[in-house]
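Q: Here is what each chain is made of, one letter per residue.
Number of protein chains: 2
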Amino acid sequence: MSQKASPLAPTHAPKLPALAGVRLAIRECNIRYRGRPDVMLMELSPGSTIAGVLTKSLAPSAAVDLCRKHLKGGKARAILVNAGNANAFTGKLGKQAAELSVDAAAKTLGCKKGEIFVASTGVIGEPLPAEKITANLGALKDSLKADAWADAAAAIMTTDTFPKLATRTATIGGTAVTLNGICKGSGMIAPDMATMLAFVATDAKLPADILRTLLQKSADKSFNCITVDGDTSTSDTLLLAATGEAKNPKPKSAGDPILKEFRAALDSLLTDLAVQVVMDGEGAEKLVTIDITGAASAAAARRIGLSIANSPLVKTAIAGEDANWGRIVMAVGKAGEKAERDKLAIKIGGVLIAAKGQRVADYDEAPVAKHIRSRDIKIEVDVGVGTGKARVWTCDLTHRYIEINADYRS
Amino acid sequence: MSQKASPLAPTHAPKLPALAGVRLAIRECNIRYRGRPDVMLMELSPGSTIAGVLTKSLAPSAAVDLCRKHLKGGKARAILVNAGNANAFTGKLGKQAAELSVDAAAKTLGCKKGEIFVASTGVIGEPLPAEKITANLGALKDSLKADAWADAAAAIMTTDTFPKLATRTATIGGTAVTLNGICKGSGMIAPDMATMLAFVATDAKLPADILRTLLQKSADKSFNCITVDGDTSTSDTLLLAATGEAKNPKPKSAGDPILKEFRAALDSLLTDLAVQVVMDGEGAEKLVTIDITGAASAAAARRIGLSIANSPLVKTAIAGEDANWGRIVMAVGKAGEKAERDKLAIKIGGVLIAAKGQRVADYDEAPVAKHIRSRDIKIEVDVGVGTGKARVWTCDLTHRYIEINADYRS
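Respectively, the protein sequence lines represent chains A and P.
Everything in the first sequence is counted per my numbering, starting at 3 for the first residue and increasing by one.
Everything in the second sequence is counted per my numbering, starting at 3 for the first residue and increasing by one.
Calculated directly from the structure, the hints in this document are not laboratory data.
Hints should not be assumed to be uniformly reliable.
No copy labels: a pair is met if it fits in one copy or bridges any two.
Here are the simulated lysine-lysine pairs, PhoX-like style, with alpha carbons at most 25 Å apart [stated by the list, open to error]: (1) K252 - K147; (2) K345 - K77; (3) K340 - K115; (4) K58 - K249; (5) K94 - K345; (6) K58 - K391; (7) K252 - K345; (8) K358 - K94; (9) K6 - K17; (10) K58 - K6; (11) K17 - K252; (12) K249 - K134.
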């Protein structure tokens, strides 16, 4: 597959600072790829807490099964990730392989098994050769260092055309904290290759239950608001670890006012990473931002937004630079959420096209046609029934998507 | 747009016999198209009953609104259809246009307004010039004839590449009855053009309430089991009218044993028409039949089947002739229905590929690779939790789909 960067790729990747309590290592383990690092180990200092959001797929990978189990403990000492093999739909062998990796990592780092988190991304249906990972754990441990975030982001890539990184700072009760995140994802499942994975760490001190609430709320506004092709991987994994090294004052709850800045920083960081995934969407030529307002609830607004974002007809229209607002009406109508046809309003590029159930009388297509030829497309829809709102992101559906996904083997 | 017939088109259209109580007329009304008939009038004899299944879109067309209202009466004297303009999202003007057509047709045929049914297919967002239809109603009435089914099927086409017709016979309590049906549809919404429309008539004598039950059950096994791109039109309309001219014995209920043959004939006819829509799916090169077994219920089986059928990654894999069964696992997992990963079994072209949560040990890809190069693809999935089953149909997702939908204006 081509590794030419997406036309939507950021011009430069941000430089992530070292984060107290986090060390990283990468290594060429030759699981599937040759001549590139394909395993990443993130070590977390003792006492680190963790929360996660995992795929809702009912056919999850062996790694997802283990993460779900270990997240109950809320404690973490390491995240071990491989690229090239998703270890999904691999039955007992897959389960054994994931457990073998966890056991070996716990032994190498001298911690409990329940403090090790694993993630695998790549081919579905082929058992993971865990011994290729476990044989390298000693070397990985020996090469751990604080300033390897860029290396880590590159090592977890599969069909991604650029590494995805983001960093933010905030204060909690006057104490400065940092958040660093890395991510991979291109299609929900790329050609034979799977998954969106994101690993975020902070030096903030936060109990696991607070971390869980913060992460779920933030994921609902970021990773749960993006779509490339509407397909959900067997392996989607988002983990947020907190090392506590910043020794900030302890918040009483996730809603504690002292967490205001942290919540905003987490939202911003996760949204940044999520939008990078869309920018690297298979075949993407345009980033599409869809704002829904006037829905019955925020959840309804998100579902309407995703109905538009997942519509092949909307996405091909945008690829064809055609301001086909009738398809947006169709997608709102099929979302199954409350909407008032005769109050619906649609804007593209800020220009009002339709309102009160029909095209506006003095609609001038020229500025809309100009907007839709740009890289950055804005769609706004007010469904006219309430105050619920949401923002979702997608990309266009191009010939290149078909090439990547249909012509891969030919 | 190209009118080259789909490679999946039937080699010849069936010849539909005249049906007692039904007369048809077509006419060039120049609503959008030039040089082809674009309006169809189906006249039904006095006393005809009717049932319908309409789009679930919450932004339905003006015609759908009117059909929903008139279906409550259960009586019909005519179905009036235009191609080229969907009269959807056209506000008050659209409502007025639909009502104008109904009023004029009722006057022309000398019946009640509530006995006239209308359907419009074509561009969304442009008010329907109803006067172009009403001005031609006299001429349409004057040219009504019994043997114009093929003409009628052609007049309702938009981006369809072939007319869609089907006929069946059955006996009800010893009396022979006939069912004729015509249909149009290509994408759920074709380029700027909308909708799946199907009109079925029978000379059987059946009360409207029985007709409703029969139609809904049959639609759930046919039109509600197909997808081209997962997009739902603002105008989808399926109507079933019964003229009663065959004067068969009256059934007590929809489940009456004397309707056994009729039910089977209706199922068969609707499935035939529905599969023809998939065969004319935009860009379709392959017809894909997906059988789901072992689901928690028939509805669950259908949802799992549609999750596979709507997955862009499954559809592009088939276009690329790649037996990528991992994507089928993904689509089952994302359907949100009960499934046992470790009991899941997948066959392509009758060959068992995966069972008990993993690829079978002796999997031979050669016969599967051969099958997937054919026009007619069979996928079977047993989800291992119950006895619910369903069959759904879709087509592959090809470059031609993108061309049709993205490159239309360029």
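Q: Hint by hint, note whether the structure agrees.
A: Each hint, compared with the structure:
| no. | hint | in the structure |
| --- | --- | --- |
| 1 | K252 - K147 | neither (28 Å within a copy, 84 Å between copies) |
| 2 | K345 - K77 | neither (50 Å within a copy, 32 Å between copies) |
| 3 | K340 - K115 | neither (47 Å within a copy, 30 Å between copies) |
| 4 | K58 - K249 | neither (34 Å within a copy, 55 Å between copies) |
| 5 | K94 - K345 | between (54 Å within a copy, 12 Å between copies) |
| 6 | K58 - K391 | both (23 Å within a copy, 23 Å between copies) |
| 7 | K252 - K345 | neither (47 Å within a copy, 46 Å between copies) |
| 8 | K358 - K94 | between (57 Å within a copy, 9 Å between copies) |
| 9 | K6 - K17 | within (22 Å within a copy, 54 Å between copies) |
| 10 | K58 - K6 | neither (31 Å within a copy, 42 Å between copies) |
| 11 | K17 - K252 | neither (29 Å within a copy, 79 Å between copies) |
| 12 | K249 - K134 | neither (38 Å within a copy, 77 Å between copies) |
In this structure, the hints that do not hold are numbers 1, 2, 3, 4, 7, 10, 11, 12, in rising order.
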